[in-house]
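Asker: Spelled out from the first residue to the last, the chains are:
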Amino acid sequence: MSPIPPLPDAPGGARAATGGLTIEAVGLRKHYGDVHALAGLDLVAPAGKVTAVLGPNGAGKTTFVKAVATLLRPDAGSLHVAGIDAIARPDLVRRVIGLAGQNAAVEPALTGRENLVMVARLFGHDSSAARAAAQVVLDEIGLSEDADRPVKGYSGGMRRRLDLGASLVGAPKVLLLDEPTTGLDPRTRIELWESIRSLVRGGTDVLLTTQYLEEADQLADHVVIIDHGRVIATGTPTELKSRAGLDVVEVRVRHADDLAAIAEVLAPLGTEAPHLDEPARRAAVPVLEGTKALTEAVRIIGERDIELDDIGLRRPTLDEVFLTLTGAPS
Amino acid sequence: MSTALDHTPEHRSRATSISASIHQPASPPGVWATASTYAVRTIRQFVRTPQLLVVNAVTSIMFLLIFRFVFGGAIQTGEVEYVNFLIPALAAVSGLFAGGAVGVAEDLESGLYDRLRSLPIPRPAVLLGRSMADTALNTWGTVITVIVGFMVGFRVNGGLVAALAAFGLCILFSASFTWLMIFLGLVSGSAQAAQGMSFSVFPLIFVSSAYVPVESMPGWLQPIAENQPVSAMVGAVRALVLGGDTEALLGHSTSWFVVRSLLWSAVILVVFGSLAARRFARL
Chain H
3 MSPIPPLPDA PGGARAATGG LTIEAVGLRK HYGDVHALAG LDLVAPAGKV
53 TAVLGPNGAG KTTFVKAVAT LLRPDAGSLH VAGIDAIARP DLVRRVIGLA
103 GQNAAVEPAL TGRENLVMVA RLFGHDSSAA RAAAQVVLDE IGLSEDADRP
153 VKGYSGGMRR RLDLGASLVG APKVLLLDEP TTGLDPRTRI ELWESIRSLV
203 RGGTDVLLTT QYLEEADQLA DHVVIIDHGR VIATGTPTEL KSRAGLDVVE
253 VRVRHADDLA AIAEVLAPLG TEAPHLDEPA RRAAVPVLEG TKALTEAVRI
303 IGERDIELDD IGLRRPTLDE VFLTLTGAPS
Chain G
-18 MSTALDHTPE HRSRATSISA SIHQPASPPG VWATASTYAV RTIRQFVRTP
32 QLLVVNAVTS IMFLLIFRFV FGGAIQTGEV EYVNFLIPAL AAVSGLFAGG
82 AVGVAEDLES GLYDRLRSLP IPRPAVLLGR SMADTALNTW GTVITVIVGF
132 MVGFRVNGGL VAALAAFGLC ILFSASFTWL MIFLGLVSGS AQAAQGMSFS
182 VFPLIFVSSA YVPVESMPGW LQPIAENQPV SAMVGAVRAL VLGGDTEALL
232 GHSTSWFVVR SLLWSAVILV VFGSLAARRF ARL
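So the sequences go chain by chain: H and G.
Using our numbering, read the first sequence as starting at 3 and increasing by one per residue.
Using our numbering, read the second sequence as starting at -18 and increasing by one per residue.
Just chain G, same shape as in the assembly (with noise of 0.2 Å):
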């Protein structure tokens, strides 16, 4: 077997080393190695752009300061604490703000998925990677939030366990919205348009239970609020944190709104997983 090594620099043409030293490799990446391969190459990205993780931070503080220090205070939320209202929401909802359209366009736009989708390579895996590392940094927000939380005075009260379950869903919650956010970025077009169509989910953010009671709302707007995925997924992880004698107050168990939530998850990542993978494939 002969290999690059054997041959000296002036036996070793320049034109014929590329043929004579690489081999075609034998079998196409797996799925495995086609997510994690890119999931990779997207977290590098992530931390090597200070700018993504402070900006991602920032937007992430700076709500939860404007809703406990301003709006807070007008907000009823009878006998629990606006903090330990608010913070909770924020975990569940911070995969909604990180905007992981974006990056997807951007990916797009610089023609990386015209050169991914040449190789051989399970096409839907691209995306795959694409959600690991995008919940890798909405997880990144969420962790801001609860010890930013905890420094404006959130405390947890239904114990640890149920503590970390919640951190868990918050998890789980923000991979199925990765979902949304990578279908978004791969319709989207350009990096622009994504950013804005990141905003259509804001709708889906303030017409739920997370900032406000949903008792506050006309009640036309009740039934929509109450029953939308993000209200699911708040009441979860409010549920969990906050404690069993908190449960009366939200109106459900915490079994009611953990399943549903988790439901909604599912619904959200094969509805939109399909969806985007079909754009994938079609681009």
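Bound-form chain H, shown alone (with noise of 0.2 Å):
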């Protein structure tokens, strides 16, 4: 009997679903010295999408965030952020961005809501409202209990949510985080992915950056792979592992006698001839359909009996994805 109705429960149900771009850069370009950190990057962030950059270290990542985020002027190129130029109106751009950089930038000798406050108050919040988006967001990053301790006592888990939870309180439409989990161990990755989904259902439009092929998989709509600068492929995690290349069978025998019967066993399953190793005494073979053929490997390897260390399904690293795409290891 509530008067208020509910709000839009759906995951993307305050999105805009007007297909317009949140990014749009052409080709932009930015050097330093002879290091061409953007080589003519063209580059679209669709609205209403998480946006995954891709890439190695020094493929222009953190220079294209920087870029977006105002803090460096292209040389050459243009690029609308949210339908604003960002290099003619770099101001009007600061007011609907949010940025988490590759560091925790919190200060640790305050607690975490005067963390967030300081930032509200920067975002052009009056006390009593900087207080209060304070709060909101300490109750989505789940750190509401803490939020009054210092933040030198936090967890590196803590302190990047505290960061992402700073670049919310001026409630931004476009949302950029540099590499957000780069130096965490994998349960607090996990943990940060599960604060970063659970914010951006809300509406805000996210670009991110990461080396992690898993983390692009985990969190993007849409994935753009750059590298030198440029970039190099496009589309969604899916499209890019088909394109990127295959799941791959692994098996160790424990004696490397074996290695002959388990390669016997593993062509049939495979694309192509199974790759020995046998000093590590490794089979591997890329096949079509991980699951299914790891199974059928497991049934026959058990019914004839030979004894292994390990046995495994892998995805492509990001190494083998840039070896497919490039042609040339990253």
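No wet-lab data here; the hints were simulated from the structure.
In this text the structure is predicted, and so the values were computed from the model without any measurement.
Here a beta-carbon is modelled for each residue, glycine too, at the ideal position from N, C-alpha and C.
Possibly wrong hints are sitting among the right ones.
As the list claims (entries may be wrong) - To be clear about the criterion: a stretch of chain H counts as covered by chain G if any three or more of its residues have a C-beta under 8 Å from a C-beta of chain G, and this derived list gives those stretches:
1) 34 to 47
2) 134 to 141
Unchecked claim - A partial selection of chain G residues facing chain H, derived with a Cβ cut-off under 7 Å:
3) S91
4) R98
5) S99
6) L100
7) P103
With the hints as a guide, bring both chains together as one complex.
Answerer: In structure tokens, the structure reads:
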């Protein structure tokens, strides 16, 4: 009987379904001396989506995010953020973006709440609005209970979450996350992914950079792979992975003598002849349907009673993606 | 108008509460809001990091005691007692010893300045806030210098009003030196480098009339020592504190020193303020 209608709950319910572009970069260039960090980058991030910029160290990811965040001015090209010309009107862009950089830029001597209130004030909130915004964000990122403790007592994961929260206190339209999980242990990384996911469902467009294929896969609807300051591939994570290489069934036998027998088992399952690594007692083969092939391999090996140290299915690594897409290791 | 409070928790999905509960601010913050927000944060950082306050105080006291009791006996200052020659000088240059460059470099390294530069703020106001906070910290150093100075025999002869004016000048000098330190911190790139660069001001402090009379230096060095900003500032504070009858000993009138010191402060503030602001815009 509540007079207040419930808020739309469906994921993406609040997202603009305009089909517009949140970020549009055309021919973007930036060089530092002889190093061309951006070498004519053409990149679009569709509105209402999470876009991941994937690439190895030095690919130009951070330079691109800095250009979008108006921290640096490109040498050439055009850049629009939420429809605003970022080169002509960086001041207007700053009113609609939120940035969480590679380091957790939070002050250890201040409490979590004080950190958020400070950033909220600098977004333009007055004192009471800043406090209210900080409280909303603290609830969102699950730090309410620790809000009044100094940040120096926080774990690495809590600091990153607070940093993520700091980028949200101004209710930005576009959230920029530069390698949000770099340096975190696997468990903390997964927790942070959860936080990002629940935050972005609310209608903020997100651009994130990452070195990890898995992270792009976990968080993004749209992936842009860049290298040497240029885009080398775009698509959904699934599209890119299918283009980038197949799953691999990898087996390590206990006794080197069994390697030939294993090769015989794997050969009919793979798309090419198994690759044998005798010193490591390892055999690997790319397969079309990963889980099916793995189940089949386990069944046959069990029947033949071959002793194994390890067997598993693995995704192509970022290195393998690069190898396939560029023909050169990253 | 619906606000976050209107929604029961079950209706308020995690997903939509940020965009539903926080409104975009109507207008970006002004210079004063920006500067004071960053200054308050920086002062809190000082106050809650007792090491900073203690190191600052210990350094000031150590220099004071070494010069008062170790070197002082060998330095001839004519009719002015060395302790009365020394303390006004230490108070005047305490801002140069404080090493504000390190804090700036730390904020740069931590990524805080990237975040601040992505916000809709008047950028130079961040540096103004830093200067305000650093000036407050330097004033703490000046106060300690003066108190310990009194404990080891320093006396004011120029009257209360002149002494207060001298104290005000010390704060002003330190405020102008914060801009030099901010600039050094911004160009250093790291806290360690900033620490090293802070030492680059040592010649400015020592090749001056702060610790020894300029006349005791070699002839070629005297014009340099005589005409650099620290000597003007030290001279102004000394003349005010020691009173009119020492003007002859100091070589110039009180107003000559005060005017020169004010001009130097303005020059330092304008030059390094604009260099720092330029640097901050293009980090």
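Asker: Does each hint fit the structure? Answer for all of them.
Answerer: Quick rundown of the hints versus the structure:
no., hint, verdict
1, 34 to 47, "violated (count 0)"
2, 134 to 141, "holds (count 5)"
3, S91, "holds, 5 Å"
4, R98, "holds, 5 Å"
5, S99, "holds, 4 Å"
6, L100, "holds, 5 Å"
7, P103, "violated, 9 Å"
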